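Counting with the numbering used here, you get residues 247 to 1108 for the letters of the sequence shown.
I should point out that these hints are in silico values taken from the structure, not numbers from a laboratory.
These numbers were taken from a predicted model, which means no experiment stands behind them.
Glycine included, each C-beta is placed from N, C-alpha and C at the ideal position.
Errors might be hidden in some of the hints.
Have a look at the derived ranges for each label pair, beta carbon to beta carbon [claimed, not checked]:
(1) Ala455 / Thr984: 29 to 39 angstroms
(2) Val879 / Asp965: 24 to 34 angstroms
(3) Asp705 / Cys873: 14 to 24 angstroms
(4) Gly727 / His623: 33 to 43 angstroms
(5) Ala735 / Cys873: 29 to 39 angstroms
(6) Asp616 / Pro423: 33 to 43 angstroms
(7) Asp528 / Asp705: 49 to 59 angstroms
(8) Pro423 / Gly343: 53 to 63 angstroms
(9) Gly343 / Gly727: 20 to 30 angstroms
(10) Arg801 / Asp528: 28 to 38 angstroms
(11) Gln920 / His623: 56 to 66 angstroms
(12) Ala296 / Pro540: 52 to 62 angstroms
(13) Trp529 / Asn985: 31 to 41 angstroms
For lysine to any residue, the following SDA-like pairs were computed, each having C-alpha atoms within a straight-line distance of at most 25 angstroms [stated by the list, open to error]:
(14) Lys284 / Leu637
(15) Lys964 / Pro871
(16) Lys964 / Asp990
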Amino acid sequence: MQTLHVAKALVETPLVLHPSRASRLRASGNFLWCGDEKFYIKGVSYGTFAPNGCGEPFPERTCASHDLQRMRAAGFNSIRTYDVPPTWLLDLAADHGMRVLVGIPWAQHLTLADTRGGRRALVRAIADGVRVCAAHPAVLAYCIGNEIPTQIVRWYGKRDTEHLLRSLCEAAKSIDPEGLVTYANYPSTEYLELPFLDFHCFNVYLHGAREFRAYLARLQMLVGSQPLCVSEYGLDALRHGETAQAEMLQTQTRDIFQAGCCGAIAFAWTDEWFRGGAAIRDWQFGITDAARQPKRAYAHLQRVLRDVPFAANGWPRISVIVAAYNASATLDDCLTSLLQSHYPNVEVVVVDDGSRDDTGAIADAHAHADARIKVLHVLNNGLSVARNLGLARATCDIVAYTDADCRVDADWLHYVALKLLNSDVVGVGGPNLVPPDDGLIAQAVGLAPGNPMHVMLSDEIAEHIPGCNMAYWKWVLDDVGGFRPVYRAAGDDVDICWRLQARGYRIGFAPAALVWHHRRNSLRAYLKQQVGYGHAESLLEREQPEKFNGLGQVRWAGRVYAPLATRVLNRARIYQGVFGSAPFQSLYQPSESLFAYLPQTPEWYVLLALLFALSIVNPLIALAPLCGVLWQVALCARAALSLPTLQKGGLQLRWLIFIMHLVQPLARSWGRLQGGLGPFRWTRGERTPDTRTTRTHHGRSALRSFIFACWGEDNQDKDNFLRAVMGELFNTRCVLDTNTGWEDWDVQIARGLSARAHLLVATEYHGGPKVLLRSKVRLGSSPLGLAGVSALVLLGAYLLLKDFGLGSVDNYLDALGIALPIVGVLWLLWQRAQLAVRIDEALQRAAEHLNLKVIDSKAGRS
């Protein structure tokens, strides 16, 4: 197949094994590494060129050597080729201290993989290209493709395209297992999910500074915890001028590295461009002209590359607070990483929270060796108190928090400070990853559910950042009174985020502000941690019940970035535009289905137990809980199977993931039960009345609806009244939903799983500041409550009619058949009446708080 043909001279080049393999790169976290040092790709594209005297699609050796010398002088350390380079070019690159991103060409614009023979030919083309360069120390990585056109991807389909690229990646790895592999994607096919790549490349041509930075943030969210390189960006000097080209390249290069990308490859080195058998002369993307004379962009890039990734001066001081309790196994590693930070102005405050091991001694030893470390030894009062004590001792404007079982990246604080300085956020967080040297169980725990993860409202704004990696302006923490002491082990990070957002503050996310977080190294320790997290959720639900749904699950407004794709019910959809013409084609994930998170709730296990108990009456009833168990097993198996093919650990890791997904909901539910967040939450008590004035209730017990009216003479408006009512309802354990603009009510109120009510408020103006506020409450039942009662009615009918007759009441099954529907209906009505009482109490307390006079609290009752 001619379009897949690799030049014979390249294919037959003998494999040269270079003895120096220590300099080969590896990918870890969001960065590439050369040994223990980060390697930032400062690259420029090189090619494509007319064939030289040997028929190779590269310049002559003398010209190439001169090009590499000039690149090195400008600050570049890498080149990207679009053809497989001959060995002499790789040797020249090594001599000049340059690395080569090897592009392996194949006909991406043709549907060659439709047949088995065509797919094999593609695999051979990749393998032959890698074989030419395998093990050469100048190789940066292998690029197995460049911008498969949108229409070709649509032809194959998303899944088949991903499978094709995975087979090409495996072909490259089979020849050079230690070589890095990537694929150069672009916005029109950004929806391709390629976790098997070592790092991700994107070609991005956006000229607006704001749009470019916003898209970088989006790409960081798409690739997750893998490195991201912008493999092409540039501007045509022929149409826009050399000055505009130089300024844009300088700005975008700085933006790329400050966004936390592992590299940037400017397009292109020279205006000389040869494609399709002819020279291309109608554009000038090069930073040198066709004669290799530098343009203005050359000098601009030379200046900006000196400071990559960060400028040396002008950084604010940061206090890093580490709360430690019995952390002798990991504290030394944590403090060592903090002292090795590249950040120039840092102090470390270690709070030894009453540890019973050598934690205090380890902290003191570091403090004696380095004056930047301060140690506080206190009695054990829990995590929140320890963090507050560290906050009080901090002397810097920015306070950053990490845990004693974390190892911070050397540039962690740089990315934190950049986000706080360059945006309007008051806090910033970043990812926390499992260290690659941790054991198999720790790696499995990192992929299991229930880990501290960030929740994103957008590509740059977070709803929640985990406590092991968070930083705030000190004044904002002082403004909200720090962390609530009730959170002794977990939950304080979620609570502080919600409290700040309630005051109108925003929290940012820096994808490259990375910490390595040691996970639990045994299944027992993992389950104990999940029990603690469940208990923390019960504390959160007491303080902020509006954030929880009727099943006790947190109602995140944003997207939870978990390490595995466990959403199996709702298929993601791709926005492709009319006839596939959209320039940015995104993958949209619908909200998680009820049946996906129901197995994670205590109610699920109560329901299964009740159904198994009822199977004594009729064995056929056991089919329902059996299906529920099989459904839960299927969800766990799907999570384990969603690991990338090239993931280390193999079958053993998948089994661990399956088991942890199976048992984690039990541990989490047990923790919630210990904290009082059990099933049937309407049986729980009120919030402690220390912040409320107690009063005797003289309310109602309604079953359908009622009207509440109150009179005011100080111009109280509807919004103030609704806010007051909602505040009161929060304190009575109610779950609230506000109108999104499509409903005919103002607030939906729920308490428990069965009762629901809709509140509508209208204002009558009676001249001057006199107003009459009328509130209509419509009571009803939830679909889940109605379904439960219907099931009881059907079960009762079955028990009564099982012998095709009514039978006698002295038969206990017939009595049960009569009692079940009655009990179900009475329970539904009782729950509705109890909700009416709660709402009436809230309306009266709100009216009292706003100095309104209740004039008709029973009008319209039915």
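The hints, checked one at a time:
At roughly 37 angstroms, the beta carbons of Ala455 and Thr984 sit within the given window of 29 to 39 angstroms. Separated by about 49 angstroms at the C-beta atoms, Val879 and Asp965 break the suggested range of 24 to 34 angstroms. The given range of 14 to 24 angstroms is broken by Asp705 and Cys873, whose C-beta atoms sit roughly 39 angstroms from each other. A hinted range of 33 to 43 angstroms is violated for the C-beta pair Gly727 and His623, which are about 24 angstroms apart.
Taken as a hint, the range 29 to 39 angstroms holds for the pair Ala735 and Cys873, whose Cβ atoms sit roughly 36 angstroms apart. Distance hint check: the CB atoms of Asp616 and Pro423 are about 41 angstroms apart, consistent with the given range 33 to 43 angstroms. Asp528 and Asp705 have their C-beta atoms about 35 angstroms apart, which leaves the hinted 49 to 59 angstroms range violated. Separation of Pro423 from Gly343 is about 25 angstroms and departs from the stated range, judged on CB atoms against 53 to 63 angstroms.
Against the hinted window of 20 to 30 angstroms, the Cβ-Cβ separation of Gly343 and Gly727 comes to about 54 angstroms, which falls outside the hint. Checking the proposed 28 to 38 angstroms range against Arg801 and Asp528 shows it is violated: the Cβ atoms sit about 55 angstroms from each other. Restraint check, Gln920 to His623: a C-beta distance of roughly 30 angstroms breaks the suggested window 56 to 66 angstroms. Between Ala296 and Pro540 the Cβ separation comes to about 22 angstroms, which falls outside the hinted range of 52 to 62 angstroms.
Evaluation of the 31 to 41 angstroms hint for Trp529 and Asn985 yields a failure: the beta carbon distance comes to about 53 angstroms. At most 25 angstroms may separate the alpha-carbon atoms for a hinted pair to count; Lys284 and Leu637 exceed this at roughly 32 angstroms. Using a Cα cut-off of 25 angstroms, the hinted pair Lys964 and Pro871 is violated, with the two alpha carbons roughly 48 angstroms apart. This hinted pair checks out: Lys964 and Asp990 have alpha carbons roughly 15 angstroms apart, not beyond 25 angstroms.
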